[in-house]
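Since chain X is already given, all that's left is putting chain C on it; use the hints.
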Amino acid sequence: MKKSFIILSVIFLPAAVLLSSCSPRSSEKGEALTGEVKIDGSSTVFPLSEAVAEEFRNSFPNVRVTVGESGTGGGFKKFSRGETDINDASRSIRPEEIEACKANGISYLELEVAYDGLAVVVHPSNTWAKEIKVSELKKLWEPAAQGKITRWNQIRPEWPNKEIHLFGAGTASGTFDYFTEAIVGEAKSSRGDYTASEDDNVLVQGIASDELALGYFGLAYFENNQDKLRILPIDAENGNGPVTPTAETVKSKKYTPLSRPLFIYVNSKSLERKEVQRFVSFYLEHCGTLASDVGYVALTPDELKVTQARWEEFQKQFAK
Amino acid sequence: MAGLKKQEKVIEGILKGSAWFTILITIGIIWVLLYETIIFFRHVSLIEFFTATEWTPLFTIKKYGILPLLTATFLTSFIAIAVAMPLGLTIAIYLSEYANPTFRRIVKPVLELLASIPTVVYGFFALTTVTPFLQNFIPGMAGFNALSPGIVMGIMIMPLITSLSEDALYAIPGSMRFASYALGASRFQTTFRVLLPAASSGIGVSVILAISRAIGETMIVAIAAGQQPRLTLNPLVPVETITTYIVQVSMGDVPQNSPEFRSIFAAGMVLFLFTFGINNLGLYLKRKFYQKYEL
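Chains as they are written, first to last, in our numbering: chain X, -2 to 317; chain C, 751 to 1045.
Hints in this document: simulated from the structure, not taken from any laboratory. Each hint can be trusted.
The list that follows gives simulated cross-link-like pairs (lysine to aspartate or glutamate, EDC-like), each with its CA atoms no further than 20 Å apart: (1) X:K250 with X:E234; (2) C:K812 with X:E178; (3) X:K271 with X:E310; (4) C:K812 with X:E139; (5) X:K251 with X:E178; (6) X:K145 with C:E804; (7) C:K813 with X:E139; (8) C:K812 with X:E183; (9) X:K271 with X:E28; (10) X:K185 with C:E804.
Next comes chain X alone, as it looks inside the complex (with noise of 0.2 Å):
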């Protein structure tokens, strides 16, 4: 008996002194804050939404903040159950996705919270490829491709009769995603005699050490590595010519069809809970400068107030 109480009381009294120095204390000290944000989705955005987490637990040390990274898809079904407070999402919410979310009741906000480009690139020493269309990338990554588009001068008669070596994003990665769809026009639908990896740090070793190679991968990974790469622009044959990315092409979306927003979306239940609610503001207060810092390109100081006002908007609806 008096063993047991010991150990309950061993167990229960940091809890009790944490619990009766939490509530009447100052909120300029984040420990006044407790509970637990949810977040998942998208593998793409979950650098960003980890680094403001990271930031806002060195604010608030209480919460717990959890960010999973199961893909937008599988995110939202999470999202639309209610098991989640915050999707990460890569692209817009689909049609069966708001449907799902409405038989469940849950009502949401979408909040764009950055930019994120796709860099075609390849070898310096490439001294035939100047630009590349939107149709002949999808000549050379479409399924029809795989064992017959082998040579560069099949993509145009023009550049060299030499093997092209292609490098892109394994099928596990948004990157995968997001270029199948973007290029070919189908998600998941795309050769296989690639070297396929889901580290971008290997593409970027295999196209910086072999001059016949073309691959694709995040814009971020091109900022680091510029002198050994060299990045193709991309005509999408819209009238504007072959468009550079660039953190003013992709954020003014110029560079098209491989630049995309990214977004977050926040469940208006979890509103009810405090620590939801600041742990949203600070995502919004913090993401321009973490955005930049993980590779992304930051939305303008404009978009960024607009963005702002339907947060707070929204605040007022739903929060207590």
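Same frame as chain X, but now just chain C:
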């Protein structure tokens, strides 16, 4: 007395149990491999598996031809043996027949040190040192290729060949050497005309074990040979070996009960059959080699 006997029994039981444990584990592994492989071949025909020339189980157009993985495995192993055999054998002959004992005492442990380097280190050595070095001489060589990991793998398995071949040479009775010298043969003639043929089966064993080691090697090729299944014997372009494919799929998010996932068991089975066959050949030769010197 009775207590002692009982103790003996217990100890004997533990020893027996350990022996059975390894046997059961081996059987278990083979059973799992076989089971998954059989399910895999309900989806994919054996004929396609061994004759198709493309391997793309993870993509839209699914092709299950093991040949590209198999050629890549043999290509890297062949390069490794082509490096390790002449080098390893030369060193073995030198150490056993020419080197003075002090030198031999220093060099042998150093050689064995090569075998203790983790293979992941060899892999990065191939990717970041050997490949850029070779690219100075071979224009158009890709960053991932079969040649560079092949050479590095050769360096890795060389101590195996050296050590076993040297033992084989060393085990030849001195009387054979003396007889050869007595007939007026030089040291060179003695080594190459008398000792090498006499030790040939032991040397054969060393090479066969080295081949088996090269075929099963994973880390070096996974890091430096690339991840693109390609039916080619060109050592300068990216290829994917059986082992690399297995690593790639087991680390990805392929659903567990799909034919895509089971393809790694089928690939593993092929690998297992090859190394199993080669190891048995080695054991068979080894037995022959020991019998020879019982006279």
